[in-house]
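All chains should be modelled from the sequences, with the hints used to inform the complete structure.
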Amino acid sequence: PTPTPHAVGGGPAEHCRAEGAMVDSVQQQEEEELRKIQPHEELALRRVYNKLADLHRRRKSMREGNDAVTALVERDTGGSSPRGDEDSRLRIGPLDLSEALRDLGRRSTKRYIRDMIWEADENLDGFVDWEELKLCFQRNISDRTGLEPSKLFNLVQFLIFDTNENGQVSVDETLSFLHARYGRHGLELKLRELFGRNMREEGVEGGEIDFLQYLDAVSKAQMNMFLQSEMGQVQIAKGKIGGSAAAP
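Under my numbering, the first residue of the sequence shown is numbered 1, with each subsequent residue one higher.
I should point out that these hints are in silico values taken from the structure, not numbers from a laboratory.
All the given hints hold, so there is nothing to weed out.
Okay, derived cross-link-like pairs now, DSS-like style, lysine-lysine, Cα gap no bigger than 30 Å in a straight line:
no.	residue 1	residue 2
1	K220	K36
2	K238	K220
3	K151	K240
4	K220	K240
Beta-carbon label-pair distances, calculated as ranges:
no.	residue 1	residue 2	range
5	S61	K238	51 to 61 Å
6	A237	D103	41 to 51 Å
7	E64	K238	56 to 66 Å
8	E42	R184	21 to 31 Å
9	R63	Q233	50 to 60 Å
10	E64	M223	37 to 47 Å
11	R111	H40	28 to 38 Å
12	E165	A237	44 to 54 Å
13	A180	L135	14 to 24 Å
14	R114	K238	31 to 41 Å
15	Q235	W118	23 to 33 Å
16	S176	E64	31 to 41 Å
Cβ coordinates follow ideal geometry from the N, Cα and C atoms, glycine included.
Structure below.
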C-alpha cells in the first residue's frame, strides 16, 4: 500500500511531541547547569570561606595584640590564613558565625547559630569545612521547593554579594552574579525580589540594602518559591496555607 504523508513524515501530533521533547531536553539541560556551582561563584565562595573560617580566633588575637601579623593577613588575604597545611584545618565554627552576624547587625541566639552549623555539618563535628560549605551552597542554589534550610546560605550569599565589604549590597554588586546564574530574563525578577520595584543604584529603599533587609527579602522569595512548588500547591488545595504570595 502507498504510505500516507503522515506515515512518511509524521503527522502534526508526532511533530508536537518531538518539539515538546526538544523543549523538555533544553529545559533539563538548563536546570542541570543551574544546579552547578559556576567557577566565578566558587572563587567568591572561597573568599567568603576564608573570611569566616577561624574568624573569632584571629579577631581575638588582634584585640589582645598577640599577633602583629594577623592584621596584615586580614588585609591581604580577605580574612584567610596563609595557604598550606593550615588551610586544610581551617573551619567555620559557632563563634566565627556569631562574630560575622554581629558585624552585620544581626543579634543571634546560640540556637540560631547551631542551626546554621547543622545545615552544613555533614560529619557532625560542630564545624563547617570547605567541602561542607560547597555542598550546602550547591543544595541551596539547586532548591526549587523553598524548603531547603538556608540560614547559613543566606549569610554566605550576602557576603558574596557584598564585594566592597561595607555591610550592604547594591544592585551593581549583585548584577554580575545574578546575570551569570539566571540570565537576562531571570535577572530583573531576582533584582526585584531583593531590592523591590524601585531599583535605584543607591539608597536603602531602592538599590542598596543591609543584611536585615536582605534576610526579609530572601525569606519572602523563599515563601513564594514554596507556594509555587508542587508541594505548596497541594497545601494550598488542602486549605492548610493561604495561596497569596508576596509580590516582589
